[in-house]
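Asker: Sequential numbering from 1 applies to the sequence shown in the working numbering.
Because the hints were derived from the structure by calculation, they are not lab data.
Any given hint could be a false lead.
Unchecked claim - Pairwise CB distance ranges, derived in the manner of DEER restraints:
1) P178 <-> Y154: 41 to 51 Å
2) G131 <-> C87: 34 to 44 Å
3) A160 <-> A45: 45 to 55 Å
Virtual Cβ for every residue (Gly too), placed ideally from N, Cα, C.
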Amino acid sequence: MSGDKTELHRVAIEKIPGFYRLVSRLDVPDTGVDVHLVANEQARAQLASRFGLLSLDAFRADLVVTVWRRRGIRAEGRIQANVVQPCVVTLDPVPEVVDEKITLLFYPEDLSGRQQLEVTVDPLDEEPPDGLPAEGVDLGEAVAEQLALALNPYPRVPGAKLAPVATSDDVVEKKPNPFEALKNLKTKE
Numbered sequence: 001m002s003g004d005k006t007e008l009h010r011v012a013i014e015k016i017p018g019f020y021r022l023v024s025r026l027d028v029p030d031t032g033v034d035v036h037l038v039a040n041e042q043a044r045a046q047l048a049s050r051f052g053l054l055s056l057d058a059f060r061a062d063l064v065v066t067v068w069r070r071r072g073i074r075a076e077g078r079i080q081a082n083v084v085q086p087c088v089v090t091l092d093p094v095p096e097v098v099d100e101k102i103t104l105l106f107y108p109e110d111l112s113g114r115q116q117l118e119v120t121v122d123p124l125d126e127e128p129p130d131g132l133p134a135e136g137v138d139l140g141e142a143v144a145e146q147l148a149l150a151l152n153p154y155p156r157v158p159g160a161k162l163a164p165v166a167t168s169d170d171v172v173e174k175k176p177n178p179f180e181a182l183k184n185l186k187t188k189e
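Could you build the full structure based on these sequences and the hints that come with them?
Answerer: Following this line, the structure appears as structure tokens:
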């Protein structure tokens, strides 16, 4: 069982070829740094397969990475992608454009695995930060996750309709009425 966990962990941190950008807190000057990521053909093919897309024709992220709360990183910007998903009704291709503003927060964790930053959850506030490993965070993977969240979960071709579903009332075979036999026993007057 422990071998399975190691394998899952290895897969989870696998680099996306052509879309890998490791950034640590030490890489970010106090004035911030611009990071531009453009997925190459191999990265787009891998991400399309991973997200169940028919194709990912373009994917880019333009971010401004700044220091956040002295030890953390904040990456703000925009992701843009041209995706083709299968229609949930007909399986025909549904092209869509994704253009989303994103904010990513990362903060180092202490040795116990707990974040040293105390976080109060406010549903209207930004999300709590993700962990920031000492070696840094892969911004390519982080923005790929944001793309997955931005995808339309139920893409449909215009005019696509589901076939009517038969209900229990539509069943042709009627159950015999137990009182039907009694009707024949009536005496004729």
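Asker: Which of the stated hints cannot be reconciled with the structure, identified by number in ascending sequence?
Answerer: Violated: hint 3 alone.
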